[in-house]
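Sequences listed follow chains P and C, in order.
Quick note: the first sequence uses the numbering used here, first residue 1, plus one each step.
Quick note: the second sequence uses the numbering used here, first residue 1, plus one each step.
Hints listed in this document are in silico derivations from the structure and should not be mistaken for laboratory results.
Check before you lean on any hint, since a few could be wrong.
What the hints assert, rightly or not - Coverage of chain P stretches by chain C, computed from C-beta distances (three or more under 8 Å per stretch; other residues unrestricted):
1. 93-103
2. 157-166
3. 202-211
To be verified - Lysine-lysine pairs mimicking DSS-like chemistry, simulated, CA-CA at most 25 Å apart:
4. 120(C) to 217(P)
5. 217(P) to 149(C)
6. 195(P) to 149(C)
7. 310(C) to 228(C)
8. 217(P) to 310(C)
9. 149(C) to 126(C)
10. 217(P) to 364(C)
Claimed, not checked - One-sided excerpt, in silico: chain C residues whose CB lies under 10 Å from chain P:
11. 11
12. 13
13. 87
14. 101
15. 155
Heads up, the beta-carbon is just placed ideally off N, CA and C, and yes, glycines get one too.
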Amino acid sequence: MKRPLSAVTDRLVIIIPYLWLLFFFLIPFFIVFKISLSTTAIAMPPYTPVLSLSDGVAALMSQLGEFSFDNYIWLTQDALYFNAYVSSVVIAAISTFLALLVGYPIAYGMARAPATIRPTLLMLVILPFWTSFLIRVYAWIGILKPEGLLNQFLLATGLIDQPLVILNTHTAIFIGIVYSYLPFMILPLYSALEKMDYSLIEAAQDLGCTPISAFWKVTFPLSLPGVIAGCLLVFIPAVGEFVIPDLLGGSQTLMIGKTLWNEFFANRDWPVSSAVAVILLLLLVVPIMFFQQAQARAQEQGR
Amino acid sequence: MKSLGNIRRDFAPWNQPDAKPYIQFKNITKRFGDFTAVNNLSLSIYEREFFALLGASGCGKSTLLRMLAGFEEPTEGQILLDGQDLRGIPPYRRPVNMMFQSYALFPHMTVEQNIAFGLKQDGMPKAEIEQRVADMLKLVKLGQFAKRKPHQLSGGQRQRVALARAVAKRPKVLLLDEPLGALDKKLREETQFELMDLQQTLGLTFVVVTHDQEEAMTMADRIAILDKGEVMQVATPAEVYEAPGSRFVADFVGNINMFEGKVADRNGAAATIAGANGLTIRTANAGDAAAGTEVAFAIRPEKIKVSSKKPESGDNVMEGEIYDIAYLGDMTIFHVQLGNGQVVKASSLNATRATEDPLSWDDKAWISFRNDAGVVLTR
């Protein structure tokens, strides 16, 4: 028995996120998509056609006829793009896996810590966000470079006699991505582990599980929604990552974010870079949909 | 000698001097930091016994159960199960299974998988597991729910799954932590009897932790009443009720009236107790309380008769005034204020639909009880 007024306000509340999506995602996306169908030109903006109604409807219609999918066909013809996509996905996947390996024990430790110190631990996980992302990535250059802190330390302790080459390799990218995105892995894992009833583990042990098998049979399966959420939160931004490969990976790393940047700023080829962006988006929408389905399934399963 | 109350079944190994206890707690102390949860406690539980640990929250009963399951190690003392010292044996190697208060069903597994969990852990052949799971489902009457997940079941059904999962491995001892705590009253009463039947059928030793005295009284062969980590009394439900060993137990189990006083005069087993304000109570059995001892005379409300006219004879007759009446349908509880100001609770069974002797608020009334109706408590 809702009053009509509250029904209206309910609708309005729901409309807000949709408006947000429309103005800040769908409309910009269509602009990018439109550019991706254009041809590059030495002009301002650097592509044609520029749709405008100033020349009348007929002119607009003929301009529409100039749109083509040539840029997408171009992407399939140069192996550079395919390799960049594949290498981005591979690098993101490896980084995500590493972040999971590092993040799970941390999240587990936090969830099992005394309730009084958990807020502090959470704070510590979130703390790095208070400094600029760019500065934190720059700091890794200082740590990883041949004469950097890490090598100095390892040389001083006598563990190595030659400086390790880490900067400008994939290893540096993995370190950068794992470091930067670790909180996104830890937080959903923590929330999944924290709400788990500890008596379930006791029950598993009571029924004959060693602590390790209780972990794999009870704890881990029950934390899967957190694992999936964490992995997607790391994987999706990591695929399109530009700053980390650019600063830590050196010139020879091929990642789609860098390719996009090059097309856009070095080549000033807005249409091709738009096409790259559209394909990247499609590439990422698939895992997002997978994520949502997993969430729906988890919800169906209930707590 | 007359036995107390009704004995439920002919099973009393604790009275046989040569019977060997199955579970033995020997001088168990458990401390958590500064807090002593269990204090130098000793208990013996016999094979096939339905044993209840009864006490208020924080009395150490759950700690005791968890030590038996292996989730806690005693700080001092020894626990023996079937002659084997359990110290250092992890929970997954103990021949006991526990039914958790929260049931602790695995939410990602079906009813079937939950019940099969412990059996798989033991590496039982697949066909045997299937057979055992089917048997268990039949036992707890959940056959048609085998493929459901715990969240699709009602509270009562979950309780049964938890029970089936815990007994599926045929443990030597089944531990039940507040097994009926989460059920509503009606279901709880039904389930009490089902648990008793199940224990008889399987022939297992049950140790149940509960704060509900009715539950303990109904189900258990013997009850241990705990307070602040110590055993106050271990006895059959009837003994606990009719012959409580101390003021604490008398007060904790059921309703009781206490008259504090001194033993004035002893004549064999019988004695006269002088209470406050000239109250005199005659009792047929004062136990070992010598003349002059400070004692409490304790008597249950149902053993006191209330009438509007002075009874012609009786061992103990006292005059008072009706202070409060509570009509509960099956019985009526009277609060009668005696001349000395003490309020006595008396309950009478409403065996007939009409009462020939109606009593009302502020009426003058007499209470009377026989000289063997109460107990004399020295502790």
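- When the hints from earlier in the document are held up against this structure, which numbers fail? 1, 2, 7, 8, 10, 11, 12, 13 and 15
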